[in-house]
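Each chain, written out:
There are 2 protein chains.
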Amino acid sequence: MTRPYNFSAGPAALPQEVLEQAAAEMLDWHGSGMSVMEMSHRGREFMSIRDQAETDLRELLAVPSHFHVLFMQGGGLAENAIVPLNLSRGGNVDFVVTGSWSAKSFKEARRYCNAHLAASNEADGHTGMPDRWQLNGNAAYVHVCTNETIHGVEFQELPDLKALGSDAPLVIDCSSHIASRPIDWSRVGLAFAGAQKNIGPAGLTLVFVREDLVGHALGVCPSAFDYKTVAENHSMYNTPPTYAIYMAGLVFQWLKRQGGVAGMEARSIEKAGLLYDYIDTSGYYVNKVDKRCRSRMNVPFFLPDDALNDSFLAGARDRGLLQLKGHKSVGGMRASIYNAMPLAGVQALVGYMREFAARHG
Amino acid sequence: MTRPYNFSAGPAALPQEVLEQAAAEMLDWHGSGMSVMEMSHRGREFMSIRDQAETDLRELLAVPSHFHVLFMQGGGLAENAIVPLNLSRGGNVDFVVTGSWSAKSFKEARRYCNAHLAASNEADGHTGMPDRWQLNGNAAYVHVCTNETIHGVEFQELPDLKALGSDAPLVIDCSSHIASRPIDWSRVGLAFAGAQKNIGPAGLTLVFVREDLVGHALGVCPSAFDYKTVAENHSMYNTPPTYAIYMAGLVFQWLKRQGGVAGMEARSIEKAGLLYDYIDTSGYYVNKVDKRCRSRMNVPFFLPDDALNDSFLAGARDRGLLQLKGHKSVGGMRASIYNAMPLAGVQALVGYMREFAARHG
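Protein chains in written order, with UniProt numbering: chain R, 1 to 361; chain G, 1 to 361.
No lab work stands behind these hints, which were simulated from the structure alone.
Any given hint could turn out to be false.
[Unchecked claim] Lysine to aspartate or glutamate pairs mimicking DMTMM-like chemistry, simulated, CA-CA at most 20 Å apart:
| # | chain 1 | residue 1 | chain 2 | residue 2 |
| --- | --- | --- | --- | --- |
| 1 | G | 291 | G | 167 |
| 2 | G | 256 | G | 122 |
| 3 | R | 291 | R | 280 |
| 4 | R | 291 | R | 157 |
| 5 | R | 228 | R | 211 |
| 6 | R | 328 | G | 232 |
| 7 | R | 288 | R | 277 |
| 8 | G | 107 | R | 232 |
| 9 | R | 328 | R | 59 |
| 10 | G | 256 | G | 232 |
| 11 | G | 288 | G | 277 |
| 12 | G | 328 | R | 56 |
| 13 | R | 291 | R | 131 |
| 14 | R | 256 | R | 131 |
| 15 | R | 107 | G | 232 |
| 16 | G | 328 | G | 355 |
| 17 | G | 328 | R | 45 |
| 18 | R | 104 | G | 232 |
| 19 | G | 291 | G | 306 |
| 20 | R | 256 | R | 270 |
| 21 | R | 256 | R | 28 |
| 22 | G | 104 | R | 45 |
| 23 | R | 328 | G | 45 |
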């Protein structure tokens with residue numbers, strides 16, 4: 001059976017091998033007689049699953065030992081509150097807005113700290129990278145979203161805050177491109193990612209936090225979201241989303257078999273290159289993002305006439321190309337081509353786009 | 001294949017039929033070409049899953065239309081903060097402590113309100129129901145845990161606060177016995193339950209809240225945990241734990257096939273009766289909880305000598321009776337016999353207990 005290609009922005013496609021393994025193990029994990037869903041989170045079976053997942057994740061992303069790896073819940077939108085609850089100390093925080101996600105982070109943080117807009121690309125409709133950053137001298141941290149899922153804007157390199165005159169730790173929301181490129185941890189204080197784009201099922205949030213940043217939560221921070229409590233309890237203070245952690249672990253093992261993050265980055269460059277090159281040379285489709293910060297993961301594009309959108313989507317569905325509709329705030333189309341999307345899926349999409357343009361162009 | 005009987009307190013056993021259906025649908029849900037894990041939470045496929053789950057849950061528990069049903073994350077320990085963040089208005093709140101869980105709720109709430117200990121059974125080691133409640137005249141709400149998973153203490157009837165002279169809404173943490181007995185909603189303002197005991201996988205929290213109690217969150221309440229935001233967005237403000245909702249939905253359909261909550265209650269009375277009757281007449285095993293408030297779901301029991309515990313557990317494992325070790329704070333054994341535990345599992349346990357007592361008694 002050939003499965004359709006699923007371009008959903010998240011929850012998103014998972015590797016077929018991973019789904020097949022999960023189905024095969026559903027009633028009996030490794031002779032335990034239990035589904036992973038049925039295991040006590042404190043039993044030795046689940047603890048081995050959790051520990052292996054953390055070991056593989058640390059290896060894949062080369063996470064330094066002075067970072068905690070936390071398995072949390074609530075996704076990126078919950079972290080928009082949880083990060084300032086833990087790191088802001090109620091002081092100044094700098095935000096760089098490059099699209100919807102960082103704009104939401106900025107807005108939510110105002111509940112807990114003096115959130116300062118250090119730079120924004122709102123004037124160009126979130127299509128370029130803001131060039132002038134006005135950083136506070138005494139910010140508790142600087143927040144950026146390193147890949148804007150909706151607007152398709154991606155940092156190709158992490159900002160070097162020291163070179164910009166700031167000693168503050170950098171916080172990155174890397175939900176929608178984690179594990180598609182390496183992370184320069186020397187520039188990062190905290191990274192978070194909802195799992196449902198490039199890692200596994202919705203309901204799991206990964207947090208990587210430098211040890212020295214933990215232990216300063218505001219008094220109103222719920223215990224279950226205090227990084228210190230979570231770290232001290234090895235992400236077992238509250239019952240973790242055990243099945244989502246298991247699925248993420250299967251994805252980590254799949255990533256290792258594919259050549260790890262370096263393998264994924266090479267594949268992503270090829271896939272995104274193919275799609276952007278076609279769009280740019282088509283004379284039909286348009287992507288509005290500055291070429292210097294186009295996302296390798298989320299490719300928004302527009303047809304010459306919105307009246308053709310429904311016809312484009314219906315034809316795509318007929319060819320097994322699913323979930324290509326753009327976000328309502330941007331319109332048009334969006335192809336999310338995460339790690340689990342094979343090159344063949346992008347080739348099939350480009351083939352269909354070519355055919356559609358020839359028929360309607 | 002006969003699966004072992006899994007007595008885990010949570011995450012806990014799920015019905016075999018449900019796991020089989022999930023395995024069969026893992027790669028292709030209803031011809032969609034997608035796993036449920038891969039679906040956009042805003043797409044029509046997942047929306048139909050979510051809506052059906054809510055409809056079935058409302059029907060099973062006879063939830064009145066003036067209650068919101070919310071699908072949230074973070075489990076009971078997160079709700080220990082989220083409830084006072086939403087309902088306390090920073091004022092007085094009454095807590096009735098009947099075991100570890102309500103004690104934790106009481107402690108966490110102090111961050112947000114004037115938490116008052118209205119009654120406690122700590123003096124008798126959490127084995128009875130405290131008889132004298134000292135309720136505040138002006139409490140924002142009264143919190144009880146209607147089934148204490150660790151101590152095995154269960155309210156056989158919800159307290160009638162009006163009869164006790166309080167006009168405050170009652171908040172119940174019913175995590176570990178939801179869907180095993182009806183809920184008298186006329187006595188309830190809010191009910192919450194982590195899913196991982198009687199509903200589905202860990203990572204999903206169910207919240208039922210009377211409409212008039214929503215919209216009063218403290219300013220420091222994260223948007224993702226503000227009941228108003230969650231309700232207005234039909235639990236889609238942040239990406240919900242989609243797969244856990246799907247699994248819960250399969251459990252709801254299974255519950256309906258078993259005769260619903262009434263069917264479950266009859267089965268629970270039979271299962272718990274069998275186990276307690278044997279314990280009480282064995283002259284070997286002991287359960288210390290007052291018979292008037294013994295839990296039908298969680299049955300802690302003790303051997304005459306703790307030195308025999310390891311031998312008991314090893315023999316149980318050999319007979320396919322899993323996860324019977326008691327919570328470390330109580331010791332001894334604990335059999336959690338939730339909805340998914342068939343009568344045959346309890347019969348097998350009693351058979352083994354009888355055999356062990358005969359050999360060692």
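Hints versus structure:
no.: 1; hint: G:291 to G:167; in the structure: 30 Å, violated
no.: 2; hint: G:256 to G:122; in the structure: 38 Å, violated
no.: 3; hint: R:291 to R:280; in the structure: 10 Å, holds
no.: 4; hint: R:291 to R:157; in the structure: 14 Å, holds
no.: 5; hint: R:228 to R:211; in the structure: 9 Å, holds
no.: 6; hint: R:328 to G:232; in the structure: 18 Å, holds
no.: 7; hint: R:288 to R:277; in the structure: 13 Å, holds
no.: 8; hint: G:107 to R:232; in the structure: 19 Å, holds
no.: 9; hint: R:328 to R:59; in the structure: 37 Å, violated
no.: 10; hint: G:256 to G:232; in the structure: 28 Å, violated
no.: 11; hint: G:288 to G:277; in the structure: 13 Å, holds
no.: 12; hint: G:328 to R:56; in the structure: 30 Å, violated
no.: 13; hint: R:291 to R:131; in the structure: 15 Å, holds
no.: 14; hint: R:256 to R:131; in the structure: 36 Å, violated
no.: 15; hint: R:107 to G:232; in the structure: 19 Å, holds
no.: 16; hint: G:328 to G:355; in the structure: 25 Å, violated
no.: 17; hint: G:328 to R:45; in the structure: 18 Å, holds
no.: 18; hint: R:104 to G:232; in the structure: 18 Å, holds
no.: 19; hint: G:291 to G:306; in the structure: 23 Å, violated
no.: 20; hint: R:256 to R:270; in the structure: 19 Å, holds
no.: 21; hint: R:256 to R:28; in the structure: 24 Å, violated
no.: 22; hint: G:104 to R:45; in the structure: 27 Å, violated
no.: 23; hint: R:328 to G:45; in the structure: 18 Å, holds
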